[in-house]
Structures are given as structure tokens and as C-alpha cells.
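Next come the chains, spelled out residue by residue.
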Amino acid sequence: MKYIEPHAHMVSRTTDDYERMALAGCEAVCEPAFWAGFDRSSADGFHDYFCHLTEHEPKRAAKFGLKHFCWLCINSKEAEDVKLAEEVIALIPKFLNRPNVLGIGEIGLNKNSRNELRVLEMQVELAAKHDQLILVHTPHLEDKLKGTRLILDVLKNDKRIKPERVIIDHVEEHTVEMVLDCGMWAGMTLYPETKCTPARAIDILEIFGNERLWMNSACDWGVSDPLAVPKTALEMKKRGHLGSAIEKVIYANPKSFLRQSGKFKI
Amino acid sequence: MTKQQVLDLYFLDARHKLVELAAFLDRVERADGKDDFRFKAFRAALAKLNGKKKYKAKGVLLAFSDPTTDPTLNAAAKGATGAYQPQISQIRADKIQAKPTLRKSA
Chain A
1 MKYIEPHAHM VSRTTDDYER MALAGCEAVC EPAFWAGFDR SSADGFHDYF CHLTEHEPKR
61 AAKFGLKHFC WLCINSKEAE DVKLAEEVIA LIPKFLNRPN VLGIGEIGLN KNSRNELRVL
121 EMQVELAAKH DQLILVHTPH LEDKLKGTRL ILDVLKNDKR IKPERVIIDH VEEHTVEMVL
181 DCGMWAGMTL YPETKCTPAR AIDILEIFGN ERLWMNSACD WGVSDPLAVP KTALEMKKRG
241 HLGSAIEKVI YANPKSFLRQ SGKFKI
Chain B
1 MTKQQVLDLY FLDARHKLVE LAAFLDRVER ADGKDDFRFK AFRAALAKLN GKKKYKAKGV
61 LLAFSDPTTD PTLNAAAKGA TGAYQPQISQ IRADKIQAKP TLRKSA
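Residue numbers (this note's numbering), protein chains in the order written: chain A, 1 to 266; chain B, 1 to 106.
For reference, chain A alone in the conformation it holds in the complex (with noise of 0.2 Å):
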């Protein structure tokens, strides 16, 4: 069954995955900006990133028959150093104009603090100001409630996003509600350990429906499967869901939020 992968970090992902990806039936893959595992030492190093997303991954992606798109920021992980963060925002909009950009993301919060919440602000504004789809990266375990009211509160303030252009990552059954309610897309990563598992995402979909809502595996340098989507589709398959029903979720639902970009082409 064909599917886009909305949430992946391939830059730390194998070829051998782009393959497993491809042979599954995934059509497009998206690739936030994320943090590497450690802090880069100066904005030069989120430079070469941006050209690694912009021009060297789809290469690779292509190589299998895949397109690849992805997303740029600063992530909430080295948000705590406002100074780096004003380096690195001012960077972005010169990569915006490249063919896969979709937005910028994935932007966020990781301990709630005031810097990150600044942080999050000033790249709120770089999205408003280049009119750009913003993908939003929600806390870890016990932060993940306060982190996402806080959001949703800067987002929600700020009259120029249009809630539709929005997708709020890693949500769980304590935050779903509160996304869906304000208008935005809500995003469920997989995971085998945090975050939701095939199961759980599936009990979401059947408590609050399968509209504006979305499934990614998120696969990165921990702990991940970049084949947790198709895998969840066979769970939803077991559990006797039509095959159109899959179908909205891990094709047409990502495909209407990401083509407002008008970039998604697949």
C-alpha cells in the first residue's frame, strides 16, 4: 500500500532504509530539521545542514525512487542559546525559495523554558512573515502537556496562522484533543518505546476520527523504525478497518496538509 513517511530524520537513517522504505510502498519522505544528538559549536554548522536537507538527501531519496522534502529551524533542543537561535533564524530565509522546502519545523519546545518559548516565538514569526506551513515538535514524556498548552497558546495568539497550516507533532491521548479542538493537524509518531505505539495511535483514530490527523515513524539516530507506518497499517488492517480508511490516514491526510505548501508535488 502506498504511504508518505511525513517525519523522518534520514540524514541518520542508512540507505538500506530508503530501500526498506521504498519496497514498502512509501512515495515521498519529509525531514524536519532536528537536533544531531549534540549541540553544534557555531550557525556555520546549521548552514551545512540546510544544504545537506536542500540538495545532497534528495539525491539519495531519488535514488530509490523517492522524493524528499523537509522542513527548516532551529530545534528547541539548542533554542536555549537565544544568541545562536538569532544566527541561525536569520539564515533560513534565503534556503525557503529551494524546490523542497515545505516550511519550518520542526520548531517547538523540549524543557518549556522562557528561552525555548522565545525561541519558538521568533521562528513563529519567520513562518508568519514568509507565510510558511509550520511543523511543530511537542515535548517528551512528563513535559509533553505543559509543552503543548504553551504552544498552542503562543499559536493560538497570533491572528496571521491559519490553524489548518499547523501540524503539532508527537501527540499522545492526553494532547490530542486539545490540537484537534483548536483547528490544527495533530501528527502521532511510533514509536516501539515513547510516544505511541501502533496500537495506541490506532485507539486515537477510533475515539476522534481520522480527520487532520496523521502517522510518522519519526526514525532517527535512536531507537525507531522507519517502517513503523506501513507496520501500523497492517495493525489497522487486523483490526478490520477499510482499506480507503488506511488509505486517508498514511496517504491522502498527509498529502492534503503538506500540498498548501504548494511544493508537495507527488
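Keep in mind that the hints were calculated from the coordinates and are not lab data. Some clues are possibly wrong.
To be verified - Derived DSS-like pairs (lysine-lysine); straight-line CA-CA distance at most 30 Å:
(1) B/Lys78 with A/Lys238
(2) B/Lys78 with A/Lys248
(3) B/Lys58 with A/Lys156
(4) A/Lys237 with B/Lys78
(5) A/Lys156 with B/Lys56
(6) A/Lys248 with A/Lys231
(7) B/Lys54 with A/Lys255
(8) B/Lys58 with A/Lys237
(9) A/Lys83 with B/Lys78
For this one, chain A is given, so just place chain B on it according to the hints.
Here is chain B on its own, set in the frame of chain A:
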């Protein structure tokens, strides 16, 4: 799905996880020394499993969550522990570089 179908599909998996949970509790209780805030939160979350109240997964997640609403003064560490620890948010104010200015309606 009917209840029977759900049980057919998930009972063995849930049973397996419940035994693992029980073994984890035994392991912690058997070990020397003191436990910490995580285990206290764990026991509070366990209490959410009993009873007829709906949305137990949400209840468990809320039991582990930071219930406060103000931004923390700074990010003392990058990682999360899995359970809310009140003193983590009590960080020295002299490290603040900037204050957020929540944008009001444009």
C-alpha cells in the same frame, strides 16, 4: 471490533505486559536503597488502571505530567525522566537570557 475480537487480538500481549510490570515492581522492591520521584509517580499512575473510569491511558499520562503552567526559568538539561519532579523547575534566575513576549492578536 467486539470485545471478544479485541481480547482475541490483544489479550496475550496485554497479559505479557502486565506480568512484566509486576516483575518490575518486584525488582524495585527487592533492591537495596531508596526509590525516587519516578517510582512514586509510577505508583500514582498504577492507581489509574483500576475502576470503571474511561480513558485510562490518558489518566496514566496525566499522572506522569508536569501540572504547572508557567515556563521554567531555563532548560537545566535536555532529556526527560518520564515523571514530573517539582524541583527541576526551580533553576537560578541569573541564567535567563531573554523573556518570552507572548504575541497578542495582530
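Practice task
Of all the hints given earlier, name the ones this structure violates by number, lowest first.
Solution key: 1, 2, 4 and 7
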